[in-house]
Amino acid sequence: MALPLLQYKPTTQNHRVRSFGVADLDDETPYIYRIEDANSPAEIQDLIWAAYRQVFSEHEILKANRQVQLESQLKNRAISVRDFIRGLAKSERFYQMVVAVNNNYRLVDICLKRFLGRSSYNKDEQIAWSIKIGTLGFHGFVDALLDSEEYTDNFGDYTVPYQRKRMEGRPFNLVTPRYGEDFRETAGTVTTDWRFALEQFYSRKYEQRQLREGDPRKYRDMAAAIAPKQNYAQGVSAYNIDYMKMVPVRNASGSKR
0 MALPLLQYKP TTQNHRVRSF GVADLDDETP YIYRIEDANS PAEIQDLIWA AYRQVFSEHE
60 ILKANRQVQL ESQLKNRAIS VRDFIRGLAK SERFYQMVVA VNNNYRLVDI CLKRFLGRSS
120 YNKDEQIAWS IKIGTLGFHG FVDALLDSEE YTDNFGDYTV PYQRKRMEGR PFNLVTPRYG
180 EDFRETAGTV TTDWRFALEQ FYSRKYEQRQ LREGDPRKYR DMAAAIAPKQ NYAQGVSAYN
240 IDYMKMVPVR NASGSKR
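Everything in the sequence shown is counted per numbering that gives the first Met the number 0, starting at 0 for the first residue and increasing by one.
Everything labelled a hint here was simulated from the structure, so no lab data went into it. Please note: incorrect hints may appear among the correct ones.
[As the list claims (entries may be wrong)] Now the in silico label distances, taken between C-beta atoms and shown as ranges:
#1 Lys89 to Asn38: 28 to 36 Å
#2 Lys122 to Glu212: 48 to 56 Å
#3 Glu35 to Gly133: 34 to 42 Å
#4 Glu57 to Lys122: 23 to 31 Å
#5 Asn153 to Lys74: 19 to 27 Å
#6 Gln72 to Asp142: 16 to 24 Å
#7 Ala63 to Ala222: 53 to 61 Å
#8 Asn102 to Ile31: 26 to 34 Å
#9 Glu149 to Glu42: 20 to 28 Å
#10 Ser39 to Gly133: 43 to 51 Å
#11 Gln44 to Lys122: 37 to 45 Å
[Said to hold, decoys possible] Taking lysine to aspartate or glutamate and the DMTMM-like style, the derived pairs with C-alpha atoms no more than 25 Å apart in a straight line are:
#12 Lys74 to Glu57
#13 Lys244 to Asp220
#14 Lys122 to Glu149
#15 Lys74 to Asp156
Glycine residues also receive a C-beta, built at the ideal position from the N, C-alpha and C atoms.
The whole structure should be built from the sequences, with the hints applied where relevant.
Encoded structure:
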């Protein structure tokens, strides 16, 4: 028996209102792709490209991400746009690029942005959907999102999901990084490994603590901070030295001049 979705509510009232108006259309207003508006092969291809951009968060369709069979079925009207989005979400490429490299909380936030067109309300919503992932698996989580009342009311069967709510910042489907900090840490792509940095810090601190009072090594950091810059002798070639000028010359009285 599947566990019901935990109850959660938006943190602020801003989550309840639409972020894009119809009257004040501008460059940031999302373009809505509907399959019933596509009357030519070129328009169908534009719709497919918009779906890839929304799901995979890429500016161009990568050949490795394409699902040719799903594209053919959509072009022949054998499946709906919702089923096409479902197929992209359950593809092996999406699993490798998004699911496998993120924890469940961040995965929930990414999927809400790409499939429901909004970010997660708060941590409570992330926890609620994370339980769905734990009990139903990722494919069951995708089905729960795409079959939800929110998805049906906003996109239905024939509209490509788009960003519905944005209170600040640029479109998130173009700027969201693919890998979270936890994945970068385990993959070794983090510049500073704080485990070794802290070990060196505490070992240095322990070493200084063991030194006797008055030991100059206790003050080497302070001395290095206030030490003046050293003046290095300028390199002069022996050919440029006039040795005759350096030899003292005596006058008739015997005094040097």
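task: Quickly compare the C-alpha distance for Lys244 and Asp220 to 25 Å and report which way the hint goes.
output: violated (46 Å)
- prompt: Between Lys74 and Asp156, is the straight-line Cα distance small enough, at 25 Å or below?
  reply: The hint holds at about 15 Å.
field: C-beta pair Lys122, Glu212: status relative to the range 48 to 56 Å that was hinted
entry: Cβ of Lys122 to Cβ of Glu212: about 51 Å, so the range 48 to 56 Å holds.
field: Distance restraint hint 53 to 61 Å, applied to the beta-carbon atoms of Ala63 and Ala222
entry: Once the Cβ atoms are compared, 57 Å apart, the range 53 to 61 Å for Ala222 and Ala63 holds.
- prompt: Does the Cβ pair Glu57, Lys122 satisfy 23 to 31 Å?
  reply: Taking Cβ atoms as reference, Glu57 and Lys122 lie about 28 Å apart, which means the hint holds.
field: Straight-line alpha-carbon gap Lys122 to Glu149, limit 25 Å
entry: Status holds; Cα separation ~19 Å.
query: Quick one: are Glu35 and Gly133 within 34 to 42 Å, going by C-beta?
result: holds (38 Å)
query: Taking the beta carbons of Gln44 and Lys122, is their distance inside 37 to 45 Å?
result: holds (40 Å)
- prompt: At the C-beta level, are Gln72 and Asp142 separated by a distance inside 16 to 24 Å?
  reply: holds (18 Å)
- prompt: Range hint 28 to 36 Å: satisfied by the CB atoms of Lys89 and Asn38?
  reply: Since the Cβ atoms of Lys89 and Asn38 sit about 29 Å apart, the hinted range of 28 to 36 Å holds.
query: Okay, Glu149 versus Glu42 on CB: inside 20 to 28 Å?
result: holds (27 Å)
- prompt: Are the Cα positions of Lys74 and Glu57 separated by 25 Å at most?
  reply: holds (21 Å)
Checked against the numbered hints above, the structure violates only hint 13.
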